[in-house]
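Could you put together the complete structure from these sequences and hints?
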Amino acid sequence: MRDTMKAVIAMDSFKGSLSSSEAGTAVMEGIKRVYPDAEVWVSPLADGGEGTVETLAAGMGGRLREVTVTGPLCRPVKCTYAILPSGTAVIEMAAAAGLPLVPFSERNPLYTTTRGVGEVILDAVGAGCRKFLIGIGGSATNDGGIGMLQALGFDCQDRAGRPVAPGALGLKELTVIRSERVPSIIKECVFQIACDVDNPLCGEHGCSAVFGPQKGADARMIRQMDGWLAAYAALAARSFPGSGSAPSGPVRRGMQREAPAAADPGFPGSGAAGGMGFAFRTFLGAELKPGIGLVTEHTRLEEYIRRADLVVTGEGRLDAQTVMGKAPAGVAALAKKYGKPVIAFAGCLGEDVSVCNAHGIDAYFPILRAAVTQEEAMEPHCAAKNLRDSAEQVFRAIRFCR
1 MRDTMKAVIA MDSFKGSLSS SEAGTAVMEG IKRVYPDAEV WVSPLADGGE GTVETLAAGM
61 GGRLREVTVT GPLCRPVKCT YAILPSGTAV IEMAAAAGLP LVPFSERNPL YTTTRGVGEV
121 ILDAVGAGCR KFLIGIGGSA TNDGGIGMLQ ALGFDCQDRA GRPVAPGALG LKELTVIRSE
181 RVPSIIKECV FQIACDVDNP LCGEHGCSAV FGPQKGADAR MIRQMDGWLA AYAALAARSF
241 PGSGSAPSGP VRRGMQREAP AAADPGFPGS GAAGGMGFAF RTFLGAELKP GIGLVTEHTR
301 LEEYIRRADL VVTGEGRLDA QTVMGKAPAG VAALAKKYGK PVIAFAGCLG EDVSVCNAHG
361 IDAYFPILRA AVTQEEAMEP HCAAKNLRDS AEQVFRAIRF CR
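The numbers in my numbering rise by one with no breaks, and the one at position 121 of the sequence shown is 121.
A couple of the hints might just be wrong.
[Stated by the list, open to error] In the DSBU-like style, the derived pairs of lysine-lysine whose C-alpha atoms are separated by at most 35 Å in a straight line are:
| hint | residue 1 | residue 2 |
| --- | --- | --- |
| 1 | K78 | K336 |
| 2 | K6 | K337 |
| 3 | K32 | K336 |
| 4 | K15 | K32 |
| 5 | K336 | K385 |
| 6 | K6 | K131 |
| 7 | K326 | K340 |
| 8 | K6 | K336 |
| 9 | K326 | K6 |
| 10 | K78 | K172 |
| 11 | K337 | K385 |
| 12 | K340 | K385 |
| 13 | K187 | K131 |
| 14 | K32 | K6 |
| 15 | K78 | K340 |
| 16 | K78 | K187 |
| 17 | K337 | K131 |
[To be verified] Estimated spans, in silico, between C-beta atoms of each pair:
| hint | residue 1 | residue 2 | range |
| --- | --- | --- | --- |
| 18 | R181 | N357 | 53 to 63 Å |
| 19 | H359 | E297 | 19 to 29 Å |
| 20 | G128 | E297 | 13 to 23 Å |
| 21 | E351 | G128 | 44 to 54 Å |
| 22 | D362 | F104 | 35 to 45 Å |
I should point out that these hints are in silico values taken from the structure, not numbers from a laboratory.
Ideal placement from N, C-alpha and C gives every residue a C-beta, glycine not left out.
Take a look at the structure:
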């Protein structure tokens with residue numbers, strides 16, 4: 001009987017308890033109690049949202065860098081991003097322009113800006129980065145990304161040649177877009193955007209209608225912003241023919257020019273982060289992809305899965321929501337591409353968790369081993385011990401059956 005084991009561990013974080021790397025290490029220690037000589041790869045796991053920067057920095061030997069930038073309310077905020085050993089910068093746009101940075105009483109997308117996101121990008125470029133992985137969930141903005149573009153050197157001007165105001169109100173004024181002052185080095189950069197929504201820029205499923213209310217927009221503001229974004233998209237198409245090449249001169253609303261495919265406001269994900277998806281794709285040639293796919297690509301998870309006997313994943317709560325694009329479901333789908341068995345560990349299970357079995361997770365296990373309070377269960381030392389002990393017992397069963 002073969003008594004070796006090759007396992008890949010790709011655990012999502014246990015929110016408020018363990019990071020992805022900490023959870024993965026605990027599982028690995030449990031496996032090693034049963035298979036001391038096992039080859040075990042612990043891969044950091046995130047979906048491009050909150051925690052992606054810290055997860056990839058810790059799991060891939062990256063370093064964190066803090067920079068002060070313009071926040072969504074035009075006040076300074078400190079933003080932390082990661083630089084991986086490969087030179088890739090990992091950025092969460094919400095760290096510079098996210099909804100949690102705006103007090104509830106001040107939420108109004110007419111005024112919130114994405115300028116800080118562009119300033120983070122410039123800082124990373126100055127630090128030597130030319131590749132970017134940027135998660136664009138959780139924004140407080142609906143400015144179509146023009147604040148970011150202005151920070152990067154794009155001239156977004158009104159009819160008098162003045163820079164437009166911050167926020168969605170700037171779109172109302174926008175008449176000219178030029179790129180002559182954009183540093184040439186920006187055009188050398190490669191942007192991969194973690195985008196887990198497929199909303200278009202405008203219309204009933206666009207960013208204003210769907211996400212505007214949570215950012216403080218009322219019905220009138222939603223109609224206004226939707227119209228401004230539509231005009232912005234048309235202007236972008238006329239201003240940048242040839243898929244993002246710089247225009248030969250200023251182009252104003254009303255001038256007719258065929259729109260390139262890159263300036264398509266209906267492209268899935270264009271409405272992400274209040275239109276930032278559109279800005280990244282149209283002006284910076286970015287690729288919009290699901291966050292879990294981008295993260296696993298950077299961590300080479302597929303390569304490790306292909307070599308493994310078994311794949312372990314999990315998260316704090318496993319339920320029907322897990323299969324709706326969450327990280328463990330992405331791991332399971334990748335494992336099934338190579339016919340690998342998948343087991344999952346979770347802090348707790350939802351009543352509808354059995355749906356996970358039909359989506360690539362062959363077996364799942366709760367890690368609680370005694371009746372405790374929620375606070376006790378989430379205490380990091382307790383959670384790590386429960387993961388370690390549960391993994392040991394599951395792998396004892398696996399060894400017996402082999």
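Task: 35 Å limit on alpha-carbon distance, applied to hinted pair K78 and K172 - done: 29 Å, holds
Task: Holds or violated: K326 to K340, with C-alpha atoms at most 35 Å apart - done: It holds: about 19 Å lies between the C-alpha atoms, which stays within 35 Å.
TODO: Would you mind confirming whether the straight-line C-alpha gap from K15 to K32 stays at or under 35 Å?
DONE: 25 Å, holds
Open item on the list: The hint says 13 to 23 Å between G128 and E297; measuring C-beta to C-beta, is that right?
Closed with: 21 Å, holds
Open item on the list: Holds or violated: K6 and K337, Cα atoms, limit 35 Å.
Closed with: The given pair, whose Cα atoms are some 17 Å apart, holds under the 35 Å limit.
Task: Distance restraint hint 35 to 45 Å, applied to the beta-carbon atoms of D362 and F104 - done: Holds: the Cβ-Cβ distance is about 43 Å, inside 35 to 45 Å.
Task: Given hint K336 paired with K32 - CA-CA distance at most 35 Å - done: 24 Å, holds
TODO: Starting from K340, check that the Cα of K385 is at most 35 Å away, please.
DONE: 27 Å, holds
Task: Hint consistency between K336 and K385 [alpha-carbon to alpha-carbon, up to 35 Å] - done: 29 Å, holds
Open item on the list: Please verify whether K187 and K131 have alpha carbons no more than 35 Å apart.
Closed with: 11 Å, holds
Task: Restraint status (C-alpha distance of K32 to K6 at most 35 Å) - done: It holds: about 11 Å lies between the C-alpha atoms, which stays within 35 Å.
Open item on the list: Is 19 to 29 Å respected by the C-beta to C-beta distance linking H359 and E297?
Closed with: 21 Å, holds
Violated hints for the displayed structure, listed by number in ascending order: 1 and 15.
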